[in-house]
Amino acid sequence: MPGPRRFSVRRKRVCKFCAEKISYIDFKDGKLLGHFIPERGKILPRRISGVCSTHQRLLAEAIKRARHMAILPFVAD
Amino acid sequence: MRNYEVVFVAAPTLTTEELDSFIGHIQTVAEGKNGKVVKIDNWGKKSLAYKIKKFREGYYVVLSVDGDGATIAELERRFRVTDYIIRFISVRTDEALKRSEKIKAARHKKISKHAPVPPVSAETEEAPPLPL
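Chains as they are written, first to last, in my numbering: chain A, 134 to 210; chain E, 2 to 133.
Hints were generated in silico from the structure; no laboratory data involved. Keep in mind that a hint or two might mislead.
Stated by the list, open to error - No farther apart than 35 angstroms at their CA atoms in a straight line, the calculated lysine-lysine pairs in the DSBU-like style are these:
id, chain 1, residue 1, chain 2, residue 2
1, A, 154, E, 103
2, A, 164, E, 40
3, E, 103, A, 175
4, A, 161, E, 47
5, A, 175, A, 154
6, E, 114, E, 103
7, E, 105, A, 175
8, A, 164, E, 46
9, A, 164, A, 154
10, E, 54, A, 154
11, E, 54, A, 161
12, E, 111, A, 154
Unchecked claim - Derived CB-CB ranges, DEER-like:
id, chain 1, residue 1, chain 2, residue 2, range
13, A, 168, E, 22, 31 to 39 angstroms
14, A, 197, E, 19, 29 to 37 angstroms
15, E, 95, A, 206, 27 to 35 angstroms
16, E, 71, A, 209, 23 to 31 angstroms
17, E, 71, A, 175, 33 to 41 angstroms
18, E, 35, A, 209, 40 to 48 angstroms
To be verified - Some chain E residues well away from chain A (every beta-carbon gap over 10 angstroms; in silico):
id, residue
19, 2
20, 3
21, 4
22, 12
23, 13
24, 22
25, 24
26, 29
27, 61
28, 79
29, 80
30, 84
31, 101
Just so it is clear, CB atoms sit at the ideal spot from N, CA and C, and this is done for glycine as well.
Can you make the complete structure from the sequences, with help from the hints?
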């Protein structure tokens with residue numbers, strides 16, 4: 134008889150950019166950046182997305198540039 | 002010589018001919034300041050993520066410019082004095098690309114050092130990217 138499962142199935146979070154070997158995040162790529170923008174329009178924290186610190190820094194910079202160029206919203210509601 | 006990526010958004014009220022002539026004008030300005038526009042990427046009319054000067058859409062144009070600080074300063078001045086340019090940004094790309102190349106080279110070295118197997122099989126072992 135299998136006992137109660139103590140752990141829910143947790144996927145190992147891998148940095149998307151490390152996995153795809155992206156070393157420069159382009160601010161013009163709204164589609165890519167959109168993955169890291171939840172409903173509200175904020176930058177998704179890396180504890181949720183699993184992005185490594187190096188790439189989170191690059192990502193944040195790219196998102197801020199994209200916001201300035203109206204590719205991404207500052208606030209979405 | 003540095004490489005910059007210059008992106009600007011023009012008002013949607015412009016005709017395509019006017020936009021083309023403006024791009025031509027920018028090219029001559031860049032050449033006058035010892036620079037060169039090496040690539041033009043016209044995205045056409047795109048909707049903006051928020052209203053700028055009461056416009057909801059704009060023409061996006063991406064330029065790749067070779068030059069130095071003075072070239073970019075002059076281009077930015079022109080953008081500022083032109084009414085129908087509603088947004089612009091210039092980003093230096095040569096250093097970022099160099100860094101990116103360096104990372105790539107280092108990674109390549111690491112792979113060949115630790116695993117003499119072809120890199121194709123090494124890639125398949127990696128976990129798939131998390132769907133977001």
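Structure versus earlier hints - violations, ascending order: Of the numbered hints given earlier, those the structure breaks are 10, 16, 27 and 31, listed in rising order.
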